[in-house]
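Protein chains: 2
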Amino acid sequence: MKPIASLTFLAGAIALAAATSALAQQAPKPENLIKWRQSAFQVVAWNSGRIKASLDSGYDKTLVLRSANLIAAIANSGLGSLFAAGSETGKGWHDTTAKPEAFANPAKFGELGGEFAKEATELVRVVSSGADAAAVKEQFGKLQKTCKSCHDDFRNAN
Amino acid sequence: MKPIASLTFLAGAIALAAATSALAQQAPKPENLIKWRQSAFQVVAWNSGRIKASLDSGYDKTLVLRSANLIAAIANSGLGSLFAAGSETGKGWHDTTAKPEAFANPAKFGELGGEFAKEATELVRVVSSGADAAAVKEQFGKLQKTCKSCHDDFRNAN
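The listed protein sequences correspond, in order, to chains A and B. Just so you know, we're using numbering that gives the first Met the number 0 here: the first sequence kicks off at 0 and counts up by one. Just so you know, we're using numbering that gives the first Met the number 0 here: the second sequence kicks off at 0 and counts up by one.
Hints listed in this document are in silico derivations from the structure and should not be mistaken for laboratory results. Take the hints with a grain of salt, since some may be wrong.
Here are the computed lysine-lysine pairs in the BS3-like style, where the Cα-Cα straight-line distance is at most 30 Å [what the hints assert, rightly or not]:
hint, chain 1, residue 1, chain 2, residue 2
1, A, K51, B, K90
2, B, K117, A, K90
3, B, K60, A, K107
4, B, K107, A, K28
5, B, K117, A, K60
6, A, K136, B, K28
7, A, K51, B, K117
8, B, K117, B, K147
9, A, K141, B, K28
10, A, K60, A, K147
11, A, K117, B, K144
12, B, K28, A, K90
13, A, K90, B, K98
14, B, K147, B, K107
15, A, K28, B, K51
16, B, K141, A, K90
17, A, K147, B, K147
18, A, K117, B, K60
19, B, K90, A, K28
20, A, K90, B, K90
21, B, K107, A, K60
22, B, K147, A, K51
23, B, K90, A, K117
24, A, K51, B, K136
25, A, K98, A, K147
26, B, K136, A, K28
Derived Cβ-Cβ restraints for the label pairs, each shown as a range [what the hints assert, rightly or not]:
hint, chain 1, residue 1, chain 2, residue 2, range
27, A, S148, B, D152, 23 to 33 Å
28, A, G129, B, E100, 14 to 24 Å
29, A, D152, B, A106, 26 to 36 Å
30, B, D59, A, S148, 29 to 39 Å
31, B, P99, A, A106, 23 to 33 Å
32, A, A44, B, K51, 35 to 45 Å
C-beta: ideal position from N, C-alpha, C; glycine also.
All chains should be modelled from the sequences, with the hints used to inform the complete structure.
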């Protein structure tokens with residue numbers, strides 16, 4: 000082996016080791032991925048409940064905007080990364096309720112995730128615009144439909 | 000009792016019943032409050048980890064902005080409402096790690112929560128401005144200090 004080739008190989012091996020290390024750093028354990036996604040959806044549930052309660056008992060724009068902002072931030076956070084390969088089964092706070100289909104059909108799963116993000120972002124826009132409670136309720140209904148359609152296909156009842 | 004007074008009383012009683020009902024609707028169970036706050040802080044941990052990993056291995060503005068947006072949305076969501084009276088002890092995903100001081104000293108607790116929101120909002124501004132990784136890292140450090148100071152005073156190690 001010529002010295003230059005040897006050096007190239009060495010550099011390649013070092014780069015590979017660094018990349019492997021970075022990959023290891025970037026690949027959280029499945030139990031953490033499951034815990035984080037369960038937490039994220041629990042925060043969505045908390046804020047969906049706040050929006051519903053506010054619409055049912057006198058509309059509080061400030062509270063609904065905070066809640067909508069948080070749901071949109073979650074929906075746009077890159078949730079798909081929490082469903083990485085290796086996290087098909089396992090336990091976070093509890094056993095995952097994700098169906099195998101979420102991993103078998105990432106294109107459809109991603110499409111529904113995109114719908115969730117779109118309607119959540121639109122809810123922030125509607126609330127921010129100063130629309131009345133009826134308009135907010137209508138958009139909130141559209142957002143809830145995206146939750147349901149994804150749950151129907153990709154979540155086991157828990 | 001004069002008819003008008005009787006009617007006034009009746010209206011008052013109905014209003015009280017409605018208010019009580021609304022209050023019951025607006026007062027979630029302590030175990031839900033604890034579960035929601037544990038979930039919210041777990042989402043903060045997930046996103047703090049993503050920001051740290053990105054700063055440690057080549058700065059990815061898009062990923063850091065998503066993460067910062069989500070932390071800021073949580074910090075500005077009205078987290079204090081998740082520490083309502085009655086949730087001093089109990090179990091969400093696990094036994095609460097909030098110290099009694101969080102409930103005994105709401106002014107200080109709220110002040111530290113305000114610092115958290117301020118630095119999280121500033122992180123979004125810094126990242127959005129297109130600042131370099133060093134500037135983002137500096138602001139992320141300020142944000143992390145607000146986490147630590149609140150944990151020191153108000154959270155038991157878990």
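Distance restraint between A/K90 and B/K98, which requires alpha-carbon spacing of 30 Å or less
28 Å, holds
For a C-alpha distance cap of 30 Å, please report whether A/K117 and B/K60 respect it.
21 Å, holds
Decide if the proposed pair is consistent with the structure: B/K107 and A/K28, CA atoms, cutoff 30 Å inclusive.
36 Å, violated
Within a Cα-Cα threshold of 30 Å, do B/K90 and A/K28 meet the stated pairing?
Distance ~25 Å between B/K90 and A/K28 Cα, so the pair holds.
Do the alpha carbons of B/K117 and A/K60 lie within 30 Å of each other, as the hint requires?
21 Å, holds
Compare the distance between the alpha carbons of A/K136 and B/K28 with 30 Å, and conclude whether the hinted pair is satisfied.
25 Å, holds
Restraint check for B/K147 with B/K107, where alpha carbons must lie at most 30 Å apart
Roughly 14 Å separates the two Cα atoms, so the pair holds.
30 Å limit on alpha-carbon distance, applied to hinted pair B/K117 and B/K147
Holds, because 15 Å separates the two Cα atoms, which is no more than 30 Å.
So if I understand the rule, the pair passes when the alpha-carbon distance is 30 Å or less; does A/K28 with B/K51 pass?
Given that 30 Å is the threshold and the Cα spacing comes to 16 Å, the pair holds.
Straight-line Cα separation of B/K60 and A/K107 no greater than 30 Å?
Measuring from Cα to Cα gives roughly 27 Å; hence the hint holds.
Against the 30 Å threshold, does the CA-CA distance of A/K147 and B/K147 hold or violate the hint?
Cα-Cα ~38 Å, so violated.
Assess, step by step, whether the Cα of B/K28 is no farther than 30 Å from the Cα of A/K90, and give holds or violated.
25 Å, holds
Consistency with the previously given hints fails for numbers 2, 4, 11, 16, 17, 22, 23, 24, 27, 28, 29, 31, 32, ordered from lowest to highest.
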